[in-house]
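Spelled out, the chains give:
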Amino acid sequence: MSVHFPQKKLPYLLLLPQLVITFIFFLWPAEQAIEQAFYQEDAFGLSREFVGLDNFIDIFQDPQYYTSIGVTLIFSFSVAFLGMALALWLAVMADRVIRGKLAYQTLLIWPYAVAPALAGVLWWILFDPSMGPVALWLETVGVEWNHFLNGDQAMILVVISATWKQISYNFLFFLAGLQAVPRSLIEAAAIDGASPAKRFWDIVFPLLSPTTFFLLVVNLVYAFFDTFGVIDATTQGGPGVSTATMVYKVFNDGFIGLDLGSSAAQSVVLMGLVGIMTVVQFRYIERKVEY
Amino acid sequence: MIENRPWLTAISHLSLLLGIAMVALPVWVALVASTHPTEAFGSGEIPLWFGDQAIQNWGAVLFAKAGNGIDAPVWSMMLNSLVMALGITIGKIAISILSAYAIVFFRFPFRGAAFWVIFITLMLPVEVRIVPTYEVVANLDMLNSYSGLVLPLIASATATFLFRQCFMTVPGELVEAARIDGAGPIRFFFDILMPLSRTNIAALFVIMFIYGWNQYLWPLIVTTDDAYYTLVMSIKRMLSVEQGDVEWNQVMVTTLLAMLPPVLVVVGMQKLFVKGLVDAEK
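Going down the list, the protein sequences come from chains R and D.
For the first sequence, the UniProt record's numbering gives the first residue as 1, with consecutive numbering after it.
For the second sequence, the UniProt record's numbering gives the first residue as 1, with consecutive numbering after it.
One chain only, chain D, in its complex shape (with noise of 0.2 Å):
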């Protein structure tokens, strides 16, 4: 603090606490609309207070069926959630941190070349790709399955980078000691390398999670079939009945539940979470 201003000081909470009211205002709408009945929607105005249909609403979403449409509880498609979330968090983690030991420790023909293989893929966003990653998906019958939810995404440029930066820094005695000592590559991987970067896996985790669990337009196209809807996108296919008939509190409960699991990651793990915002755009 260079000088004491008390006016500025109260601008400067009465703004912030504004900053916050306005980044929940529709969290806090959301919620209130999650606890009144189907028709509390077709009059007018979403009511400002909770109503007494929490329990129904939510219950009904988590464990019997979602509505609008689909048949498949939340639960179910909360785990398709997990299940690929975390298939695209570990592989991308477990092939990219092979590829950049292979780049960094190692010297071999068509090193360069290699490298520039997986740089090209920062040029391709899923987005742009679309059509033609889903015909070579389909072609090799992967559609409705985990595999093809997981696979395509899992070639990451930016983790083979992150790894790369991180495994320059471990100084060359190290690797010297070790081959003397009699150490393989193989052992100094597991050994020495891998405790040395359980900062960075552990941050680069929480940013891919996230990354993974909010996947939407990737799962929207390669599954058709109930049983393999992951839950941000079957927002979608809620939305999709009648506009009349749309049952805004179960969509609500079904949205807040989406964004749940990678909120309260990015709360309860805060520090790794910036830490690997910021090592992601290195």
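Next comes chain R alone, as it looks inside the complex (with noise of 0.2 Å):
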């Protein structure tokens, strides 16, 4: 924009109530989770010590952080590889059917409005070892399922309830990407006689990549960050700590078990992670990835 308007005061009053929130709920917080974690507090939060860096270096010493970083590792991945290759293939499908593509389409997104709590306490019902018919059903074909005693299976049900809601976004920008691709391509190979699959792993998949990656970012970050409603309302980390995400233990260790420094020192570890992950995010999205 090169015309801009003279005023020099009304700026910072358009301005002031973004940042006056900001400021409040934002800064403040972050500022005193960034304090509290030099600080070790007592029971009853009558005094306080500074400990320096010894919250952090507690942390990397407890075997407990290193097993909720696996679960998380685990639990994200499974969540952004399911989701993606299910999405992908429901939009390949959807791509080539010309009848009912709004129709399909329709009843595939939905889910993206039910809030994660929502989506994790329907799929525990349906896998309640005494009552839910799937996990009934896995009982006649051999698999004895409960969730409450076996932690990865509690794992597999919250993967699948995260991954259940993310589907429906997946299809949309795979669907989208698959349109972008240009017909003549497709067209040149099939008169060279390539065939469907082919033609897929060789044309198409490489120029979906973009889309790809950019998803993989997505997903991870969902998968991080999102997902906090699915553990809380159905394994609230257990069996155990078998299901217990980093961002879960933040507020397990801080309001359950009330070890306030040890949670803020986690808060900083995490915020350096999304800021690593935002700036990727970034710098690789606006160049995309090519060939």
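Quick caveat, the hints were computed from the structure, so don't treat them as lab data.
If a hint is listed, it holds; no wrong ones were tucked in.
Mimicking DSS-like on lysine-lysine, the simulated pairs with C-alpha atoms at most 30 Å apart in a straight line are: (1) R:Lys101 to D:Lys271; (2) R:Lys101 to R:Lys198; (3) R:Lys101 to D:Lys275.
Partial list, computed: chain D residues near chain R (C-beta under 7 Å): (4) Ile20; (5) Ala30; (6) Ser99; (7) Phe106; (8) Val117; (9) Pro152; (10) Ala155; (11) Leu217; (12) Lys236.
We treat Cβ as the ideally placed atom computed from N, Cα and C, and that holds for glycine.
Make the complex out of the two chains shown on their own, each in a separate frame, by following the hints.
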């Protein structure tokens, strides 16, 4: 924009509401989290003493913290991979059909609107060991399903719930990506005798790589931060700590365990992580991945 | 269509139908479960076909009380959810549109700094700074209030960016013409800029409404009073009664009612929804 209004005071007035909210509810709490991370508070919150980097040293010496990093990685990559694979398959199919495209799209995208916590509850009851239809069916084929006792099964359950909600998002972006692939390229390959599968893997899939990479980042961010509700409404990190992700642990140690110093130190570590992810997102998505 | 392969077309339709069935399965079971009396769940499997208690269950949960330890009826929690969702949506759009206007159409000292302060909020999702934000809100005496539910979630770098992108495409000639005609910045904002960004605002409205309605953790920790419970977080309170005593039929009715409004918004305003999703990720 080369032309501007000459007023000098008005822009500050316009910025004021957002800046005030940002200062009170973002910068102040963030500053407190950072400060708290260097203090040790007693159990009643009456006194605290400066402990330097002890909180950080503690969390990085705590085997449970590494467990939660492991849980987070397994959870996030499973959700991203499963959600993207299923969505890509459905998008390729939807791109092929001529009749009923919009109807299919409508019926596939609505789970986006379901809150993560509700998605968790819906699948929770489906897999309930004593009355869930899926759990009972699994029993008849010889799988003993009990996510209250079996950590791996609890993990599978939260992965399914989180993926279910995210398929719609991936589907929309893959479909848009597929529709942007030039028809002439595919026609040329078809005339040369390439089969549909070969056309997909040699032409379409490489051309989709910007979309795929973008979705990978978005899905990982989603699995990291937006799935708190799925876990809290269902497994609450359990059994044991087998589904306690890093974000869940911040909440659990701070609000339930009342270990504010450790919780704050974990927050600071996560802020660093979000910072890195934001930078990656901005740098690489601007440039796109191209061959 | 490049070539005619009937079997491949058949597989496509089949896959899509299978996908739809998979996506709909949990909702179907919830719908069926919501029509049975409480006793049906104690004795083994959830029935697979509708029962005859639909009207009683839905009526009781909607108008009398939600059950499972919550005395408020669903309609009142729905109202709370609506107030929170609309508060977040309108608040976000209003403050972001103003700050984007300032950043794009004016030149002033500290413009870059202001931009960075807003940008930094992207790095602090509420889940990450939850404990200190709770303390701030408690200090401001905003627990159990609508302002406590809404305000901390309102500042949004995403919306500010979106409006900035949108405003930057407005040609400078338009601003010049307006100035020559004697229109000041306020008049330009309301008479030219607002009508131009109508679709963007609507698309963002759809996305933000879903975001606001689906808030879970924040309402869960700032409300302890039934009168301020929102629908989505009430599920957690309903499930925290003793494992054996959960009245699943009522939980299912509440779950379905909690997801209904945003789902209707997505289905009913599909074009705006898709535009909003794509815009928000630029």
